[in-house]
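A.B. asks: Take the given structure of chain A and dock chain B to it, following the hints.
Chains A and B, in that order, give the protein sequences. Taking the numbering used here, I'd label the letters of the first sequence as residues 237 to 1056. Taking the numbering used here, I'd label the letters of the second sequence as residues 2 to 677.
Because the hints were derived from the structure by calculation, they are not lab data. Even glycine gets a Cβ: it sits at the ideal position worked out from N, Cα and C. Incorrect hints may have been included.
Heads up, incomplete: computed chain B residues facing chain A, CB under 8 Å, no partners named [as the list claims (entries may be wrong)]: (1) 552; (2) 598; (3) 613; (4) 635.
Cut-off 20 Å, straight-line C-alpha distance, at most; resulting in silico cross-link-like pairs (PhoX-like, lysine-lysine) [as the list claims (entries may be wrong)]: (5) A:727 <-> B:615; (6) A:394 <-> A:454; (7) A:867 <-> A:958; (8) B:501 <-> A:977; (9) B:615 <-> A:867; (10) B:386 <-> B:501; (11) A:376 <-> A:392; (12) A:727 <-> A:822; (13) A:376 <-> A:454; (14) A:867 <-> A:906; (15) A:705 <-> B:615; (16) B:615 <-> A:789; (17) A:867 <-> B:603; (18) A:708 <-> A:727; (19) A:394 <-> A:482; (20) A:822 <-> A:756; (21) A:392 <-> A:454; (22) B:615 <-> B:603.
The lines below spell out each chain.
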Amino acid sequence: MMCSSFRVFRVGISFVTMCIFYKSAANSLPELSPHEYFSTLQPGKASLAYFCQADSPSTSVFLEGLHEAVRPLQDYGISVAKVNCIKEETSRYCGKDKDLMKAYLFRGNILLREFPTDTLFDENAIVAHVLFALLFNEVKYITTPEDLQSAENALKGKANIVFSYVRAIGTPEHRAVMEAAFVYGTTCQFVLTTEIALLESIGSEEIEYAHLYFFHCKPVLDLTQECRRILMEQPLTTLNIDLFIKTMNAPLLTEVAEDPQHVSTVHFQLGLPLVFIVSQQATYEADKRTAEWVAWRLLGKAGVLLLLRDSLEANIPQHANVVFKRAEKGVPVEFLVLHDVDSIISHVENNVHIEEKQEDGEDDVEGPDIDIQDDEVAETVYRDRKRQLPLELTVELTEETFNATVMASDSLVLFYAGWQAVSMAFLQSYIDVAAKLKGTSTMLLTRINCADWTDVCTKQNVTEFPVVKMYKEGENPVSYAGMLGTEDLLKFIQLNRISYPVNITSIQEAEQYLHGELYKDLLSYSSVSVLGLFSPTMITAKEDFIEAGRALKGYVITGVYSGEDVLILSNKYAVTLPALLLARHKEGRIESIPLANTHAHDIVQLITDASLETFPEITVENLPSYLRLQKPLLMLFSDGSINPQHEKAVLTMVEQKHLDSLTPCWLNLKNTPVGRGILKAYFDTLPPLPLLVVVNLHSGGRVFAFPSDQAITEQNLLSWLKKLEAGLENPITVLPAQDWKPPLPAYDFLSMMDAATLQHPTRKAPECLKDPDVPESVKEHHEDKSAVEREPTETLRIKRWNRSSWFKYAEESLRRDKEL
Amino acid sequence: MWGSPGLLLTLALHPALAVAPARDYCVLGAGPAGLQMAYFLQRAGRDYTVLERAPGPGSFFARYPRHRKLISINKRYTGRSNAEFNLRHDWNSLLSHDPRLLFKHYSAAYFPDAGDMQRYLGDFAGRLGLRVQYNTTVLHVALDKDRRAWNGHYFVLTDHKGQVYRCRVLLVATGLSVPNRVDFPGSEHLEGYESVSVDPEDFVGQNVLILGRGNAAFETAENILGVTNFIHMLSRSRVRLSWATHYVGDLRAINNGLLDTYQLKSLDGLLESDLTDLAILKDREGKFHVTLKFFVEEAGTNQSADAVTLPQDDSDNFAMRVAYDRVIRCLGWNFDFSIFNESLRLSSGSEFSRKYPLIRASYEAKGSRGLFVLGTASHSVDYRKSAGGFIHGFRYTVRAVHRLLEQRHHGVAWPATQHPITQLTSSVLRRVNEASGLYQMFGVLADVILVQENATAFEYLEEFPTQMLAQLESLTGRRARHGLFVVHMEYGRNFSGPEKDVFFYDRSVGHTEDAWQSNFLHPVIYYYRHLPTEQEVRFRPAQWPLPRPTAIHHIVEDFLTDWTAPVGHVLPLRRFLENCLGTDLRSFYAESCFLFALTRQKLPPFCRQGYLRKQGLVSTESLRRHGVESGLMQDHAAAGQHLRDRGQQPGDRGPVGHPPAAGMLAQSLNSDKEEL
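Extracted from the complex, chain A is given alone in its bound form:
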């Protein structure tokens, strides 16, 4: 429970502890005769008395409010009493008419104010009015812009101003301001208005609500200078105002020399983020000026600290000049490289959503709406639902046509479910493939909606979606295991035009195959062609290879040769049998790999690894193949094609085995624009390209940047990598290691059901008015509920549900139960 204590000594009022939650409801309102009342008054002490006729009704709206106000007023040292005017003791405060009874505020036995009861319409109004009367000097009430200007001028260089606009006197906001004035009235001047025009004159918008500004007038020494005005952005509640004034009064800049992760200031405790400006001895003065300027700009939004790097033990990345610590607990600090004050400010502003301080549990936190779609696939498919796809390019299968179709011709079948977003997203690519192949392929592209033909899908062993299977005569159906996209699927279909492994029949044919003359049109779909060489006696080894070739069909071109004269080839390529020959057509190279007792799945692995490039351009499609190697990536970001010199430098280093512990690769931002997102994550601002980084994904997630002032040459790279290895370089950033938790909470139906059981067990049940077991009160509730909800069902369905309506009611009564 939040409980904030203010301790201030005030004239006539002693130490006060105020607690936001009034735990007990021991509001006893003493009833006294006039004589008794006046005898209790103490000098200097404030007291509120309501004079009423002895025979007046014991309850009224005013008395209820007064009862409520007893406790809060007592907390401010103000006693409250109800004085019964009896005939024997006449008092001038006892009105003559029953309807003209009033409440009076005394200090000692001096009358300060009299209040007609209708101004004190509820607890808030009573507290606000009483404090307003007592704090006459501390809270200045003004009505014109000129009043404000003169107040401001009078206080420049002396004190700060808390200026507030409330819609009316006696509102809860007014009470909150008065309660704050009670605490801070001696240190700041409070200025209050109810005039909208006044607020407009200082340029406020959205004047529907109460506003509160803090005017920093104390530091202003020059009368011509304006006081800096900071608007409080949270709603006007006692707690919010207290926190706001505290941050306003906190020191502008703090110097620290400890790990930012552990630093906490009043700002942080108040739920604001912290900005550390990293400084070192040499630039201290300049940094301090920058920091002060930043602090001034971020007043009320974040705490600003000057972090002295020299006396710091913790490791701060070398490039980082700003450290940002989010207000949320447990989130790691961010190390940033920001080059001007504006980017610091905008970084903070973009990353801070001011959370409302909860005054009490009843307020709904308007967090992110859990009814809003946050799945990109589901959302995009939904948004695209009205677009007509050229579905006719593919054959739609049914239970009746499925078997006949897949038996009659080589077919590709997409199994999908109309209600599943991922399926429907992929269906678009599938249709694209059909469009690209139109009239050129012997493969029939078909699809079946498993939402309609569930039994067919189950019979084909399909229980997840989407699945693509290829049906070829005389072969078992093969599931496609590549990327769910146009390009890879197209590759798969093209490569499957022939069956694998290709049976090579002569040395001559083998040479044609290796030199890319045999299946010219397929070469663009497979980066390598693999030829297995076996002597005619190596039956098991050949079988293993054939199995591997089948497993790779659709992804890699494989062939097998086991003629009597196979030794000619093995001699030519200097390899002992059994062996693989790997033709890299792009590079025009043929490599040989011996195979000894290698099982089929190892051969698959071998070929998969061998078909990786030494210095690939990384793309969305091929990254997973390279991540499998589990090595840190040495990645060159390039805006367009790679600089041949850089390529040469890296390739030379590869050849010299300097990069064996890394996966060297490069990224072309033109082909892979998402690379910009990566750079943003690493550098915050786009650094000049090309740029080289080492990303250590598999251990620690540290990212190092090759110094941008050095040329990318073998020597420079080598020495930088050495430094890296020796741990002499600082990472520019550390990739977050958070788990992927549920993005948002779910409805807690169990609690709702519990609450309902406690509440009224038959809420949604039909009303059985005849049922004698239903207590009268419940019946009544049902009846008036149905009276209220006489609205057509259909409009109810459409209307947005009002979060607070019923459930809050249940909560409230639950709370009441607890109190009892």
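C.D. replies: Just chain B now, kept in the frame of chain A:
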């Protein structure tokens, strides 16, 4: 006397026992349930035989219902081609792999003729080649203890020719075949439903009293409503309307013509009284008078109609003071316990289900292991709740029993499919949208999802009897060590019931937040961190079909029973599953996975299980554009110019975007998890 008759019988049987080879499965009765079980046994290649008294299958339907109209609907069109979904609205077909064996091919009538059912069952047995031995009346069933037998004993069946069958497992599918009689003075004057004339001509101008308030009683009344003077219907309890109770065994609207005429002030009427207090007297003209048993006993031996006091003698406005021409008894049916030897300890159920043998929720008799009761006779499990007493219900419970037997005796674990966790939402959606077993046997059969270690994968089991949840591991041969979901369907808790107004105003719920208040049948998913114990299942809170779960999700009721709306149905379901498992189950395009792979140390499951295995989902141009418009995806190509505006844009969706609000599910579940 030398020895009990039982001993004699055993002795007499012994020579036969020695020669009779044991069968693995014996099915008693070739009605729908018996044939359904035979089908599953046959498909599994088991050793079985079906013993049937009549010369053909489904002999019950040769005579019953007397007026030949089945009240199980034969819905031939649903507008859907999904065969599984269509079984939700097919109340007559048995389960098989042969689409020709769907009842819609046998009758065009919405309420089909009983003769068509018999023809259908004949085809079912014939086409599938089920092994049924007809004209075999089993007269006696006894136990032969043998420790080597599967269940510690053999079931020994003797037929009318003295032929003996030894069975390892006995599957009783004999239905309810004994008319229920109430014994009171004069009950001998009653005509029974089983023998009363069905020709309306025989009732012309008569006063008829019908005892009973079930569908048989109303069916009988309906037939003669137009020719009688009036019909009075008498029973102990008030009429229960099936559309109020959602129980198909209660009075169906198709039979309720008499309710209509009664309430429209014709001479017909309904009365309530305890039948056991009654007496019927026959007067000299052969007419029947209703009086009280008490008066008859008072009159002693002189029981002529004139001598016994009639209620109207004291209270001259007594409702049944007229004389009746006929009194017809339509009081339902009982299970035939007579052939079962006492050693089988096959006793009848409690007060509400006295007509059924006492069985467990696994359909195994409480008294003897290896004896299972199938079909109508097994209805004690869900009497007045679900459809287990009817073809469209017990065809699924029979399958469940078969799966239990496969695990128990043949080591074949309950069928399950394994999937990566990314398929979880889809798997649930698929089933709640088409599964007929969950729909027909709502509240009784449920799908169970067994979460695997680290919540990366799960096993999906279909149609498990929920009341046996505590014994799930031993019954299915599957492990439930890392939490489980139970998916089933429910009506609103206070919605159904006799005398409830199911048409009350504002009965439908449309908002996802109110889903737990849904009234019509809707999917409910229970999450348990641990398999509930037997104690927890037995002593679950009143009105709960299952023990209190760790968390619960209701998919809001849907007018079309189509639970595929992306935001109304799928999204809240996904959030529930995510929060139970503490993971992120969103799907991502390859491009997003690529970005995550290079900017975060960990990837969401969808990227891990798809993209990283080179099976990423590539977006198309059109989808990407929508993604950027929605703010869920970033336009990196255009973002090149202004890299500064980084930060909390909607497209920047890190893990755990927002701390969950207090009291919401996420926190409570995760914190508990860590404690464990």
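A.B. asks: Does residue 394 of chain A pair with residue 482 of chain A here, judged by a C-alpha cut-off of 20 Å?
C.D. replies: 18 Å, holds
A.B. asks: For the pair supplied as a hint, residue 376 of chain A and residue 392 of chain A, confirm whether the alpha-carbon distance does not exceed 20 Å.
C.D. replies: 16 Å, holds
A.B. asks: Given the hint that residue 708 of chain A pairs with residue 727 of chain A, test it: the Cα-Cα distance must not exceed 20 Å.
C.D. replies: 17 Å, holds
A.B. asks: Taking 20 Å as the top limit, are the C-alpha atoms of residue 615 of chain B and residue 603 of chain B close enough?
C.D. replies: Satisfied, since the Cα-Cα distance of roughly 17 Å is no more than 20 Å.
A.B. asks: Run the distance test for residue 392 of chain A versus residue 454 of chain A: straight-line Cα separation, threshold 20 Å.
C.D. replies: With a Cα-Cα distance of about 5 Å, the restraint between residue 392 of chain A and residue 454 of chain A holds, given a limit of 20 Å.
A.B. asks: Going by Cβ atoms only, is residue 552 of chain B closer than 8 Å to chain A?
C.D. replies: At 6 Å from the nearest chain A Cβ, residue 552 of chain B passes the 8 Å test, so the hint holds.
A.B. asks: Min Cβ distance, residue 598 of chain B to chain A: is it shorter than 8 Å?
C.D. replies: Status holds, d = 6 Å.
A.B. asks: Assess, step by step, whether the Cα of residue 615 of chain B is no farther than 20 Å from the Cα of residue 789 of chain A, and give holds or violated.
C.D. replies: Roughly 15 Å separates the two Cα atoms, so the pair holds.
A.B. asks: Holds or violated: residue 867 of chain A with residue 958 of chain A, Cα cutoff 20 Å?
C.D. replies: Holds - the C-alpha atoms of residue 958 of chain A and residue 867 of chain A are around 16 Å apart, at most 20 Å.
A.B. asks: Hint check: residue 822 of chain A vs residue 756 of chain A, CA-CA at most 20 Å. Holds or violated?
C.D. replies: 12 Å, holds
A.B. asks: Would you check the hint for residue 394 of chain A and residue 454 of chain A, treating anything up to 20 Å between C-alpha atoms as holding?
C.D. replies: 5 Å, holds
A.B. asks: What's the verdict on residue 727 of chain A and residue 615 of chain B, does the C-alpha distance respect the 20 Å limit or exceed it?
C.D. replies: Measuring from Cα to Cα gives roughly 14 Å; hence the hint holds.
Violation of the numbered hints given earlier is confined to hints 8 and 14; the remaining hints are satisfied by the structure.
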